[in-house]
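J.: Construct the complete structure from the given sequences, taking the supplied hints into account.
There are 2 protein chains.
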Amino acid sequence: MPTMKDVAKLAQVSLGTVSRVINHASGVKADTVLKVQEAIQKLDYVRNDYARGFKINSSRTIALILPTIWHPFFSEFAYFVEQKLYKLQYKVLLCNSEADADKEYEYIQMVMQNKVDGIIGITYSAIDQYVSSKLPFVSIDRYFTEKVSYVTSDNVQGGRLAAQELLNRGLHHLAFIGSYSEYKNDTTKRHDSFMNYAAEQGFPPVEIYVPGPIHHLEDLVYELFNQHPDIDGIFCVNDTELLEIVNILRKQGVSVPDDVQIIGYDGVSVTNEVSMYVSTIAQPIHLMANTAVDILLRKIKDPDHAQEISVLPVSFRSGYTTINH
Amino acid sequence: MPTMKDVAKLAQVSLGTVSRVINHASGVKADTVLKVQEAIQKLDYVRNDYARGFKINSSRTIALILPTIWHPFFSEFAYFVEQKLYKLQYKVLLCNSEADADKEYEYIQMVMQNKVDGIIGITYSAIDQYVSSKLPFVSIDRYFTEKVSYVTSDNVQGGRLAAQELLNRGLHHLAFIGSYSEYKNDTTKRHDSFMNYAAEQGFPPVEIYVPGPIHHLEDLVYELFNQHPDIDGIFCVNDTELLEIVNILRKQGVSVPDDVQIIGYDGVSVTNEVSMYVSTIAQPIHLMANTAVDILLRKIKDPDHAQEISVLPVSFRSGYTTINH
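Going down the list, the protein sequences come from chains A and B. Take 1 as the starting number for the first sequence in full-length UniProt numbering and just add one per residue. Take 1 as the starting number for the second sequence in full-length UniProt numbering and just add one per residue.
If you're looking for bench data, these hints aren't it; they were derived computationally from the structure. The beta-carbon is built from N, C-alpha and C at its ideal position, and this holds for glycine as well. Hints are supplied without guarantee of correctness; some may be wrong.
[Unchecked claim] Partial list, computed: chain A residues near chain B (C-beta under 7 Å):
{"no.": "1", "residue": "W70"}
{"no.": "2", "residue": "E76"}
{"no.": "3", "residue": "Y79"}
{"no.": "4", "residue": "E82"}
{"no.": "5", "residue": "N96"}
{"no.": "6", "residue": "T240"}
{"no.": "7", "residue": "V270"}
[Unchecked claim] Lysine to aspartate or glutamate pairs mimicking EDC-like chemistry, simulated, CA-CA at most 20 Å apart:
{"no.": "8", "chain 1": "A", "residue 1": "K84", "chain 2": "B", "residue 2": "D100"}
{"no.": "9", "chain 1": "A", "residue 1": "K42", "chain 2": "B", "residue 2": "D44"}
{"no.": "10", "chain 1": "B", "residue 1": "K251", "chain 2": "A", "residue 2": "E273"}
{"no.": "11", "chain 1": "B", "residue 1": "K87", "chain 2": "A", "residue 2": "E98"}
{"no.": "12", "chain 1": "A", "residue 1": "K35", "chain 2": "B", "residue 2": "D44"}
{"no.": "13", "chain 1": "B", "residue 1": "K87", "chain 2": "A", "residue 2": "D100"}
[Claimed, not checked] Just a sample of chain A residues kept apart from chain B, beta carbon distances all over 12 Å, derived:
{"no.": "14", "residue": "L220"}
{"no.": "15", "residue": "G253"}
{"no.": "16", "residue": "A306"}
T.: Structure follows, in structure tokens:
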């Protein structure tokens, strides 16, 4: 089996140069690239690797890792990622990870094998050790130990905005309902900011705040309302949970928005044309997708590209789960 | 540039045999496959094609063409397709075609270039001329001129079931609302079967039945109710349109289900855990995805595999848009 060393020897360049050519790094002269590519071909480097071609040509494929595509936030995000990448002549591999670290690691390995050029990942699994600052990887929301670029919405502003919108409606018995991930990420600021702001205003909220996924949400909500029957405003960590809460309350004879007003987070819609009509802190999903793609492409071009952190603005969108004032 | 002929000559086999090896057809002896693969490698056949490796090894990649992933039916379908293919060690390329025939054709070309092994397509665009009966392609709902395999739900049964459910609730002023595609497909049977069955029972429905996409749906619905103010039961061609109709009627002060009861088609849900709670004719989305994958893999294994047609059973699912009786 020929090695990278053999390629360097035949091409009469350093090992580092071979590596740079293989990784599409900038700053290598065209005739050097050609020499290395010829050596790779002559030696049949990575013999029997079906993706050998990718070693000397970009795969022009990006992997998109999502918890599940069967979710309106993730499917809208995927829609915009694919739309933008397609215009740039990239293809998108879809990975529903469902928090399976092994599955996610498989896609990380594909980057190392040059079968995909990079990864955009919304991930909640134990892959921290595999995500180096050199890897062309852009994270959504989540922090990694190494300086990995990420895109998130302004969760601090979002939490505050939710509290303001509820308080401005004269609601003073607030609750937060949501789960958090064991993997450190920016979305916990939704909770912290909401709780702090409302407390500062003199109305400290109660909460259901447990590690996800939440089991027995119905029991928890029932218990919360038993202990605090005067709850009149709820901030939910995301819109799908809001839909669950609305349904749970409906079953208990609690009317939304007449008895309780609720604000979610995400701003999801059923399709491009059909809204969910819920009151929510809307993330700029299109902008987040475009930004993630832009950062990833800069990182693919230059593995030494420094960490970028992009925090994008949110806005309140009024729907049927609050009463306009 | 070496040609397939050169490969045949060097391997001392017929041109047809080379073709069969390249296309992973069955019925070629192992030592013949080896001879052909060696000749392909020696000649550097398909020089400079980054996907050359795919010629002698399956890409183990499937393209999934959808109108848009930002839609609960398509994202659930994609979820199950990816889940099943991943277990079989295939990766999935995601294509939001948005009825762009050029984009869809690009993925068909990738099959011909062996960059992807096959396609599962939910398509509404002018690609009929490119979809041969030899192409490893499984269609959902749509018919092609050539004998292309397809998977669909039992649209005849679905239309009848919708009529029965409305009539059984004592509703006698029925309407069908929906669009149809200019590309012939099985879903038009939803309309035909609903209209015929209700008429046979003595209650011929009125209808909005126009080529899609529907513009000015709100005006059309308003006009329909102006002409037929006694409409009490509606069958919608799919669930997302049902959601639009509910919203349009709500704006006009018409209550669902008190004034008008509505049944959709698809059985979509927001996520794996959160339902839409609408009354609908549910397609077996998981089974449809699995069946499409199974048929596609049989076709990839054998390009001569005959057309398969799979019509899968539907069921009525009760939600908030009808009143239980």
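J.: Looking at the structure, which of the earlier hints fail to hold?
T.: Structure breaks no hint.
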